[in-house]
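Given next are the chains, with one letter for each unit.
There are 2 protein chains.
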Amino acid sequence: MINRDSTVYDVVGIGNAIVDVLAKVGEGFISERKLAKGAMTLVEAVDAGKIYNDIIPEREVSGGSSANTVAGLSSFGVSCAFIGKVHDDELGQEFKRSIGASGVDFFTQPLNQGPSTGRSIVLVTPDAERSMFTYLGAAKKLSAKDIDEETIRSGKIIYLEGYLWDDFSAQRAMLKACKLAQKHHRKIAFSLSDKLCVERHRVEFIKLIKKYVDILFCNEDEIKALFQEEDLYKTLDLIKHDVEIAAITRNIQGSVIVNGRVKIFVEAEKVEDVVDTTGAGDLYAAGFLFGYTTDRSLGTCAMIGSIAAAEIITHYGARPEVSLRGFVRNQLRKYGKTI
Amino acid sequence: MINRDSTVYDVVGIGNAIVDVLAKVGEGFISERKLAKGAMTLVEAVDAGKIYNDIIPEREVSGGSSANTVAGLSSFGVSCAFIGKVHDDELGQEFKRSIGASGVDFFTQPLNQGPSTGRSIVLVTPDAERSMFTYLGAAKKLSAKDIDEETIRSGKIIYLEGYLWDDFSAQRAMLKACKLAQKHHRKIAFSLSDKLCVERHRVEFIKLIKKYVDILFCNEDEIKALFQEEDLYKTLDLIKHDVEIAAITRNIQGSVIVNGRVKIFVEAEKVEDVVDTTGAGDLYAAGFLFGYTTDRSLGTCAMIGSIAAAEIITHYGARPEVSLRGFVRNQLRKYGKTI
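Protein chains in written order, with my numbering: chain A, 18 to 356; chain B, 18 to 356.
Calculated from the structure, these hints are not laboratory results.
You can trust all of the hints, since none of them are fake.
Treat identical chains as interchangeable: a pair holds within one or across any two.
Computed list of lysine-lysine pairs in BS3-like fashion (alpha-carbon distance at most 25 Å, straight line):
(1) K351 - K224
(2) K200 - K354
(3) K241 - K227
(4) K228 - K354
(5) K227 - K351
(6) K41 - K67
(7) K257 - K351
(8) K41 - K54
(9) K351 - K251
(10) K241 - K54
(11) K196 - K227
So that you can see chain A by itself, here it is in the shape it has in the complex (with noise of 0.2 Å):
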């Protein structure tokens, strides 16, 4: 047994605890079935279960957002731990079991009764975007219960997704995170997660990222329809207010660090063949707080984030399939810099 008391995290990741079951599709699969594209829709059991008689799954893998970033973290040999609500079906020990091959410790309680393991279908098209379809499952029944002082005043960083304000409970486990962190002088960063629900959320967004965080992360889509504003460079003028550092990620066009009134643009890594972006985003922030945590320049943090992103692009799934201590050290020499 891990005696919790004595041990220091980096990071403490808060977030959904959800499987990923993969399959490949054409456009067609998504424009025929009328299905956002590029974004993340909740869906109910019934609905996931009618797109899943459809499609022929390649992988299921675990994911979840917090989860992938901290699955990043230890790659890099960071310390982290995960806090989700799984159900101890199936589908929920194979989520235990990859998050704890991946070096992350996670000690919440699952369910024995009630929904199922989360779990989202990442539709994979040509062009290797992802829309994914979310049933939370038992992600949904995260409470305040599961989140515990001692946890979050042994993290360093509590890192916490937005994909967790779709559900009360979770809502109320992340605030209490919040207030605790605060309490106890830990960085809060939060990632926006995704355009949609920064659409279903953004006026309670502001308030929270006012309120409480410290380093946010979200792509150029996210941060505009925060705002509501479509002139990227006015967000930038806009966030620098409320966070001590955000991290903007562009695409092929890399991305942009706020820090105050210093703004660093970084390029993107080169990617050749890009098979699946699932993941992109999660392992860009598992990047960058390798980098912040081990006391890096930002504009260093970014490389590193974008060299992250681009393991996880070129390969299904949003776990890192070598080691990204490695992988990040051979990519920055390049540049003529060492980690």
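Following the hints, complete the assembly by docking chain B onto the known chain A.
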């Protein structure tokens, strides 16, 4: 006598040793005489005399671009030496006294015959812009003999100004310094000095930069002149291949730092009453290099540069009138940073 063998400098500046003769003039003074505004024009002694006869000199203060930078660095507590040529006349003695008083070691043997100490008539118009008319005098006589291997070897960074390229003897001094610095694996910093200066020497400057320069300082006009390219963003993508770091000042738009795949945009310091912009670029370089020699992030280096420049433009003359270390510490505190 100082034993130079055992002295280690953070920065060794090499440049034209110049005394600035400051005068306030109206816009008409510049336009009537068809003088170049906002730049540095080289003049012969006789032309300098003509302008001098028409002005009421406000102050005579030691100047020279590199000399201003090392004087600024010294005000941060950074150990510096300066190499440049004066005549052993009254102005030359004033230059020596002034740079010594600022804490900079200055050993270059003065002339005791030939041209008198160089001077620059600095006309400050009501918009605080400065137009300079420089008689190089003794400064032109800087020669390869004045560059000794031991001084170059003892500096971590060798700082050179583009103005040196205006004379063949000083060119050879500069090339000797570059070769010695490269031999001893010292960093070479280079300031493009002035738009007209870049236009005079752009092809040679590009060669010099590619071959020797690690850290380039310039303003927006200068880098555009260097590449004969009006789009600033295109110049950034050109210079990134040639130097490790380029720091480009942009007036009230702040500055941008190019470091390989990373571009860092930093806001300018707000200054209420701009009196005289002489030395703004020189002091930006001083602040930046103070940050660099003390291992700050490039964004912080640029912020320190901007703050140092903000100090210098609130008064006449290009040498700091307060301790820059203290001044910058107070300003940075507002942004939650400490030095």
